[in-house]
Structure formats: structure tokens, C-alpha cells
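Visitor: Listed below are the residues making up each chain.
Protein chains: 4
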Amino acid sequence: MTIQVAVNGYGTIGKRVADAVALQPDMELIGVGKTRPNHEAELAIENGYPLYAAIEERIELFDEAGLELAGTVEEMVAAADIVVDACPSGIGADNKSLYEAYDTPALYQGGEDADLVDVSFNARGNFEAATDADHVRVVSCNTTGLSRLLAPLQEEYGVEKARVTLVRRGGDPAQTGRGPINDILPNPVSLPSHHGPDVNTIFPDLNIDTLGLKVPATLMHTHSVNVTLEATPDADEVRDALDEQMRIFLIPEGAGIDGAGALKEFAMDRGRPRADIWENCIWSESVSMKGDDLYLFQAIHQESDVVPENVDAIRAVLGTADAAESIERTNGTMGIGF
Amino acid sequence: MTIQVAVNGYGTIGKRVADAVALQPDMELIGVGKTRPNHEAELAIENGYPLYAAIEERIELFDEAGLELAGTVEEMVAAADIVVDACPSGIGADNKSLYEAYDTPALYQGGEDADLVDVSFNARGNFEAATDADHVRVVSCNTTGLSRLLAPLQEEYGVEKARVTLVRRGGDPAQTGRGPINDILPNPVSLPSHHGPDVNTIFPDLNIDTLGLKVPATLMHTHSVNVTLEATPDADEVRDALDEQMRIFLIPEGAGIDGAGALKEFAMDRGRPRADIWENCIWSESVSMKGDDLYLFQAIHQESDVVPENVDAIRAVLGTADAAESIERTNGTMGIGF
Amino acid sequence: MTIQVAVNGYGTIGKRVADAVALQPDMELIGVGKTRPNHEAELAIENGYPLYAAIEERIELFDEAGLELAGTVEEMVAAADIVVDACPSGIGADNKSLYEAYDTPALYQGGEDADLVDVSFNARGNFEAATDADHVRVVSCNTTGLSRLLAPLQEEYGVEKARVTLVRRGGDPAQTGRGPINDILPNPVSLPSHHGPDVNTIFPDLNIDTLGLKVPATLMHTHSVNVTLEATPDADEVRDALDEQMRIFLIPEGAGIDGAGALKEFAMDRGRPRADIWENCIWSESVSMKGDDLYLFQAIHQESDVVPENVDAIRAVLGTADAAESIERTNGTMGIGF
Amino acid sequence: MTIQVAVNGYGTIGKRVADAVALQPDMELIGVGKTRPNHEAELAIENGYPLYAAIEERIELFDEAGLELAGTVEEMVAAADIVVDACPSGIGADNKSLYEAYDTPALYQGGEDADLVDVSFNARGNFEAATDADHVRVVSCNTTGLSRLLAPLQEEYGVEKARVTLVRRGGDPAQTGRGPINDILPNPVSLPSHHGPDVNTIFPDLNIDTLGLKVPATLMHTHSVNVTLEATPDADEVRDALDEQMRIFLIPEGAGIDGAGALKEFAMDRGRPRADIWENCIWSESVSMKGDDLYLFQAIHQESDVVPENVDAIRAVLGTADAAESIERTNGTMGIGF
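Protein chains in written order, with this note's numbering: chain A, 69 to 406; chain B, 69 to 406; chain C, 69 to 406; chain D, 69 to 406.
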């Protein structure tokens, strides 16, 4: 029998997770939850996804907007084997008691506190840790990107210390109220930033310090990475090791891809839905070793890299596939890998 | 028998036109021409489009890159019923003699001079004018957008005078060498700008003055439009008249679409290839009348609005369909209209 | 005896007005009001301006910060002949009763409603209207820029109708929380915008429609201007007429000044404090006539063009100089005119 | 007798160096060299600086523009004790033979190759090394910023290794043709970047790797700094050590200065010419230690931080003052130190 999946919240992450779940042969998307009858609610209807109202008092607003409801989010949660909470940061925490009331295991996004859940999750990093957990947090886009990179480095060479500067986009393409317009902002200004400890929710013993900045760009984050290894492979070896990773795309030298704009164009030319780039994008040319110090640049698509991780986390929690099976199935159905 | 179409140049416009031609039941894409074996040449191969080398001396570079050639652009032109030249501005002029040598009618893009051709073309504006022409220029993205808007206004109400400020994007999303970063540039600084006379290549008698600016944005151009009409309809009438146009999208009031970022998100959510928006996007709320003065804002997607126009121009030149038939077929196959 | 001037609010506008007042031989800056002991409060002390606390409960915060207070804003208002309110939009309205309580005439900034005051003010447009008024609003940067331009056009040629697109900067250079980052936003989306009616507070009978957009730039606003005149001067005549205006700077052709960045560089090279540009900056090359339609581009420095207007308004309200005397004195002391 | 200083090139750097030289009691600015009679040439005249033509054939162009010449650059070089070459990158190399022909010692800017000169220079790092050198390169803005930071760290604690990500502005405020508009570009993409070896021209034995990125901002560069020390001071000690440096500004915690926009506002409020910030700006809050790893953020004003270094290099080359004397005199006359 297929896994009955509910997606609560249908914004940037929720709409992508819903589409990805709908592609899985072992899952059925039973519906999506919305607080308001806006254009995203219409999109759910256009896509044929049953629509559930998150707030009972607003049910009539959906009626007025001519959007047919399948019921309330509470009913959706009751009917689901698992719920993916894709609500804005902090709302997931508010929803926890609802999921508990129906004994429905829940996935939360990286904007929630690590303390809220039993385990934080990255498919490449700690798939098995989520088995049978009731509350699981799929870590943020940046932490997902770092986990995918650090896992193979740790396994192959050992990581003595990682130091990463995250040059973060100021807002998503449609978020017109966010800045900065013409500045480079230390953010947060106190160091090291919280991103390192967040990586430690996946790899508790890894020695990592991070620094964050915010710049006037919307397409992707870019990480300036240093990892001091416990071995001294040459750059080609590291490149090969990274190239074997299924959710890492090594940007070929000479491809003329100089930044996130060109990466998105590359993705759109290949028919990616919403121009999504689910993979870490590492510039092949940038991978280099100086002694035991590895350096590289990677770009991370903030809107989509966690989507396959949510799909895998569903199987991890319910124990219906092991890491290798799940990752392969998710990759195959979604078309991950350029 | 289907129309044998060659596309010479496979960049921003060429790759989109090639895809659109491939969708037409009455056309066959016989190949695309490229000067160099780069990632776009690879894309052509991935898409199954026969690849032709534009420069004979570089044929071996394609071999070295492992990209199979179907021949030279000259051979492609010889075999075609019509060629769409989608080369960078000015290269089209250089190619004219080649097309003439093989008596192959040719379409050029809006970057070429109007003097180069027999007729400048917009499907809504002057479809029939292109019949049997040897050299036809599909006007630029901005002129296309203005023509689609002015044609119905002229027909319904008469245009006394149009005054339009074009707030232009500084570069396309993947053009990282273009600016400005933090400025608003009069461009051109002398007034009126050349955009008005370009509209007159479609509507010779229309009274129009234009002003151009360049700003640090990449997604779409935005037009601030004033049209003094020869009648005084109310805003709702104008709105309805525009809404009937097949290549105009009236952004609904209350949709939460405040700019180009949200428009592209809307397009991506609906599965548009490359997030393309082939339609003029007019903010419904902005349409207003003061006396005989109409005001409105429209956004124009610089990378794609001319694509259906190129498809229609093929039929117009060869006389295989009239305007209404062609436009409807192009719209239907491409999925134009939200 | 010199005019005793208080400046309540010491931010973007207040600090500039305070400096300008301090330069006037017929005025004395008796102090500036602040709500909090931040770095701008420190700046006031560094500049030797007596500092007054706006909120009594916060007096000790100033003590803790080591910033000596001269008293409360209430005391400052009581001692002043006139107060310039330079508080954020809306706070001026809250302060009105305080100024009334002490019978101190007050100037407000353009963010306040026109209804709040007896008269809206522009030195070039309606200097005399402010005489003896208790509550006067110095109109916004954009309205100031439009008034300076329209006054001489009206006088010389008559204005049949003005149509202006205001391409507005998204935020000031230090406002890092404002966007958009990569978009062009109709703002407001409904037309015509409120800027036209604001011009009518200065020129009640002038026929003007305006359209507003917001773009990712921080340095200056840019106006795309059309004025249908009641005469048909040639462009050179208009250029000469504008060049005679003391608060208009005609950017010389061939100066290599292509936008706001170059304008600010020009200002900084000439030692302008804070790189301020108090003048309307009109590109000489852009001034052109088509029939009775005048077109031009002007750039407006949002942080400073109202500063000399505030100085003049002080004299206008108190009747200590007529328009010509005041404007000349303000210009001379501040160094207005490149 | 005062040092006779010529400045060849009067653009971004040259105009600032000329102003700084003019402030020095032990120097006399004998003139500035220009290739063309543009608005910067006018500025030199306005400032009373003798103007010399760099290209003989263009002398009449200056005449036509009404700009009085004092002679040719060759004559200026002949008359000077030392020449500061502030020409665009690469032109300095072309000029070398001219300076040699007149035995005039010359300073070059950081855009020239290190191989061109006898010694690369930073006042804090290696003042004495320049004594009696004929050709001296004042290192680039970024290398200057790194040298000022690393010198005291090396002296106080020893530097085991420095790893720095340079998040670079895409262009200067008036450079409207440079991008990117909406991207984050690895630049250069191959690692480590050339900035590290450039630091080694000042500190030959220092172990440093650097990474460079380019973003859509114009005001300042920002460095994300990691230095592994040979000691483990606490963060407060390091902060104090940095605070003692005369060309380092520790941005106070709680000052509300979140980025370059606020820093420039701070500088303008304090009357800095051209809003210049000659100091490294280090966020006090960011200075932190994790084991022996120091982390911090610093902002570097690309247009001005090398200006005092040029002034000091003049004295260093001619041996008229030692490092401490020169730096103090330069700082005092220019007003360095907030």
C-alpha cells in the first residue's frame, strides 16, 4: 500500500514537496493545507491536489473564492500516514501538538529549532537516525548543502576542521520587500554563525566554524569552503570523489557557467521544473588542495535542494526503504543529476 | 508537406524559436546553426536537433568536442524553405547574402536595422504585410510589446498620441558582465528614443514618443504607458478590450503579483518552459482613464515574447495561413494564455 | 535678532536641516530633538548642537550613554521661534499638539498629510502662501523636484498637461532592509499615483498625471517627464529657461555623467557635504520638443533637495524675507549651484 | 625644502592622492597629468593644480576646451622629486621608461605587476623596504587591508595560517557598465586566488590562502577572515590589539552600523571628503576566537584605503621620515581615525 502523505503549507517549499511526492510510486499525496485562498491555493486546485483549510474560521473565504475544499487540515492530518510541515518558520512548532494529537509522524523544515524534534535529518548524512522518530527536522538549504559535501569528505579522508563562509542571497526572486539593494552585510555579525552548530545536528563530532554574509542577489547561496582534511589527496582525487555523489553536480571546466544566473539557465534549458537545482553545484575548477587544506566554491539553490531530502525523510521515518534505495528512487523519479 | 525551417543561431532567442518550431504540426525543424561547440551546441544535440557549423574552419572543433555535425549552415540554408536568423545583432546583416544566394526567405531579429529588410513584422499588427517578402524583421521585444497593445487601442478607440517610458532591465539573468549595479540610467539620454520610430515600422502613421531608461534588474522590461485616445471609454471597457487579446495577460487584481519576480514565479508554477512569459503582462489595477488619457503598466519578457511572432512570421511569409489561423495555432501548440 | 530655530528629529532630513540652519546668518540653531541616544545623538554633540530628549522616560538612557542633554523637546519648543519637525512620517502629526500648546509655528516634512497643515510649501512655487501660517508642510523630495521644474514652464509657456513617470530608488544607501533586489515594481500599481495631487497642493490648477515605479537603486530618483506646453518653444529656449533657475542643474552634454553614480561623484569631487545634491539635475541632452510636447529626464536626490526649502520656509512663515531674498541667501550660504 | 611631488593620472586614485599630497607640510604638489581634457581635468584646474598633458598630440584639445596647461607630463616628471603613477592598470608599466629617463623615482598602484618594481609597499608592513628604491608598488586596496590586519597579528601572536574570502564589490559607484546585476560570482574561480601571493609581496613568509567572489554592490569590499594564530589570546585581547592600530577602525557594538551603506553614512556625517574611509573597518562584535582560530569581518573602501599609503611611500622612498613619523604625519593631516 502506498504511503499517504499530507503536505501542510503550500508555499515555496510545500508546493515543490507536493509535486515531488506526487511523482513517487510508493506515495500518494492526499492533500495540501492552506491558510488562505490565494493564488497558491488556486495552483493546488489546478494541479488536482485536494485542498484543506488550516483555519476553520476562514473556510467560507475559500467558498467565496470558488475554491473547493476537501476538508480541514485536522482531517487531513488524521487521514495521513505522515505529514510534511512546510509552514513558515515557527509555525511548525505551533502545529506540533496537532500532529501529536493524531499520532501522525511529522517532518518539519530547517527554520524550526533543532530542539523541537527527535532528530534532524539529511539523507546522505544520517538517514537511519530518523527511523521511527515522531518528529523529524529536514535541515535548512545551507545545512543540507554542507552535509552533502562533508559526508563524503569525512568518510574518504577525515575532516580535521571545516571553515565555511556562506555568501547568502538577500531574498528569493519574488520577495520584493527584502534587501539589501547595494550592500554586503555581515549576517549574523557575531561569529561563528549558527550554521556550524546546525551542521552538528547531523554530524555531532565534526569540527566546523561558519561565517554568514548577505548580498543583493536572489538566485542561489554561494559557499566559500575550506576543509582541512586528515589526509592529503590531490585535487583530482577529491574531484572524483565528489563527482560520484548523486546530489552533487560538478560544473565542468570550460562550460561557461560563471555564476547562479548561468546555472539556472542551464537548468531551464534542460527542462527543470521551476528552474530548480536540487544538487549542490561545485565549480570543478575551484576544487584545489594546498597541503591538507581543501578549497572550493559551491552554489546552493535555496528554494529546492531540501525537496528530495523531504521525500527521503518520509521513507526513513516509516522504515519503508533504506538510504540507498530511497535516494535512488527519489533521484530517478525527480530526474536528479544533470 | 511541412515547412522545412532552419534556425541559424542557437542562443537566447534561437533555442526558444527552435523549440517552438518543433511543436508546430505544419513545420519541421531541419536543424540549427552554431559557430562554436559550446554547451548550447550540446543542448541542440541533447534535444535531437541536427547541428550545422556556421564557420567551416571550425568544423574540426566540433569533432574534437564529440559533437556530431549534420553539415554546414550553407547546406542547411540550401535545404530550408525558410531560415530564422537568430544571430547576435548585426550578424544577421552579414548573413543576408548567404540567404539570398540560395533564394531562401529569411526572418531576422529586432536587433537588425529596419533598412535591412523588406518589411518589419508583428503578428497582431501587420501579419499580411510579410506575404512573399524575402527578408522580414521580427521587431524587438519592446516593439512587439507595444504593437500588441497599440493595435487594439487603435482599432477600438483611435490613438491620438502615445507616450511611453520604457524602464528596461540592464541585462539578462545570465549576463554577468552588464550593469548598472546601483543606478538608474537615461538610455538613450537624447529624446525621444528610437523605440518610437521602431513602432512606426509596424504602424507608420501612429503618433508615438518614447523614453528609455536602464535599471539594475534582469527579469523583464516594464513600460509606463500613456495613450491619449480619440475616444473616452471608461477603464473597464479598455480592460475588457485588452483582456480579449490573445497575447495579453491581464494580471488580476488581488493576485499578489507585484512585479516581474512574482510573474516569473506564476509562470514557473504553471510549468512554463524556461519560465517564459510570451504575453504582455498588464496590471489590471493600473488600467485607468483620465479624460481621454489612458494609463497602464505592462511588463515584457525580453527573452521570449518574440518567439511566437517568429513562428507566425514563417507562415506569413510563405502564405500558408492567415493571421487568425496562424496565431491560434501558435498559441495552441505553445500553450500561450494563462 | 536672529531667528531661534529648533529641529525636532535628527535623522536623514533633520541632520541636514540642522547643518543648513547653522549656516544662516539670520538664524540660530537652538537645538535638536532625539528620541534615543544613538550614533546620531552623538553626532549632534560632536557638532556642538544642544541635544533635547523627545521622551521623558528615556532621559536616563542619554545619561547612561554619556550624552549631555540640554533639556526636553518640550523645553526646546517653548524656547523656539519656529520648529522644524523632521520626524519619521506620521510622527509629525503626533507632535502637532505640542507645537500648538506653545504657539510655536511648525514646519513638517512631505511624509505628513497635506490635511495636517495650513499650507504646503515650495520656495519657487508658492513662497508667499506660507506667511504667518502656523503649520506648514515642506513637500516631499519628488514634489519639490516637480514644482521647481513646472513653475518656470508654467510661467514661460503655460502647461497644458504634465505626465511624469517617477522611477524611484528602492531605499536610501544605508537602509539595508528595503528592496527590491532584482525587480521593477509598479508602486503604487493603481494610476494615476498620489504624486500628481501632491503637486496640486502647490499648483492647484495644474493638470498633471503621475506614475510611480520602484527599482533596486539607492542614490537618486529619476523622473521621465512629458509636459505638453501651451506654446511651442524650441528645445534650446527651454534649456535656457531652465538653466536660469537657481535650483536646477543642467548636466552639460559630453560631461560623461550618465546616471546618479556619476552625479554623486561630481558632487563629492566638488566638496559637497554628504555628497548632497540640492538641485534638480536635468540632462541637457534630454531636453527636447516634439510639437508642443516637451520631454526630459531629471534626477532628484531624495535625501537633500528639500533642505534649502526648509530653510526658506522658516523665513516665509516668519515673514523675515521675501522669496527672492531668502532663496538667494540660502543658496549663497549653502553653496547651491554647481 | 619640500618634496616636489607629481601625480600622473587624475582618476579615482590620482585625484585623492593629489588632495592628500597637497595637505602635507613637507610636500608640494607640482602638478597632475591627464590624457584628455574631461571633467576631471576641469576639477584639477578648479582645485588650482597645475595640469600637464600626457600625450603631446592632444595638447590642442586642452586648448580647445579652455583648460590651461602647465606643460607636458614629461616636463612634470623632469621637475619632480618623485612621481606617483595613478594611471589605469598596465599603463604604469608603459610609463616606467619615462620615469627612468629622468631618474625620477616612481610609485605605482596595485594593478601593476609586482615584477615591474623593486619593492611592493605597505606602510604598516614594510615601510623601510622602500628606502632608496627607484620603482615601488603600493599594493592594492585588498592587499593593503590584509597587510594592516596581519602585521599586528603576526607581531603579537604569530600567524600559523590565514584563510580569507574576499567578497568584492562588482564596480565603483560611477562605473555603470560593470556587473553583475543579480549574481554571486566566484572570481577568480580557480583557487587559491592571486590575492594571497600578493600579500606575500609584503610578508614573504606568511602562510595565506585567499578566495575571491564578486557581488552586485558598489560601496566597499568585505573580507571574511580566518587566521589560525600561534597563540590563543581571548577575543578581547585581540580586539584591543587591533584597536591600537592607527588605520583600523573597530566598529563599536551597538552602533547600528550593519554594512557599507551605514559606514559611508557615518563617514559623511563626520565630513569625510568624498565619503572616503581610509581605515580598515572591523566589526567589533565579529572578532572572535575558537581555539587558536581567529574570525572577523572587515570592510575595505576600494577607492581610498591606499591613499595614505601612497603618501607614506613618498617619504619611505626618499628617506625623509621613518615609518612612525610618516604614518603619524599622514594620519594627522588627513584626519585619519574616527
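Treat each hint with caution, since some may be false.
Below are the DSS-like pairs computed for lysine-lysine, each with C-alpha atoms no more than 25 Å apart in a straight line [stated by the list, open to error]: (1) D:229 to A:358; (2) A:229 to D:164; (3) B:229 to C:229.
Please keep in mind that the hints were generated in silico from the structure rather than gathered at the bench.
Visitor: Determine for every hint whether it applies to the structure shown.
Guide: These are the hints, each one checked on the structure:
With a C-alpha separation of about 12 Å, the suggested pair residue 229 of chain D and residue 358 of chain A falls inside the 25 Å cut-off, and the hint holds. Between residue 229 of chain A and residue 164 of chain D the CA atoms are separated by roughly 46 Å; this puts the pair beyond 25 Å, and the hint is violated. At roughly 13 Å between alpha-carbon atoms, residue 229 of chain B and residue 229 of chain C fall within 25 Å of each other, so this suggested pair holds.
In this structure, the one hint that does not hold is number 2.
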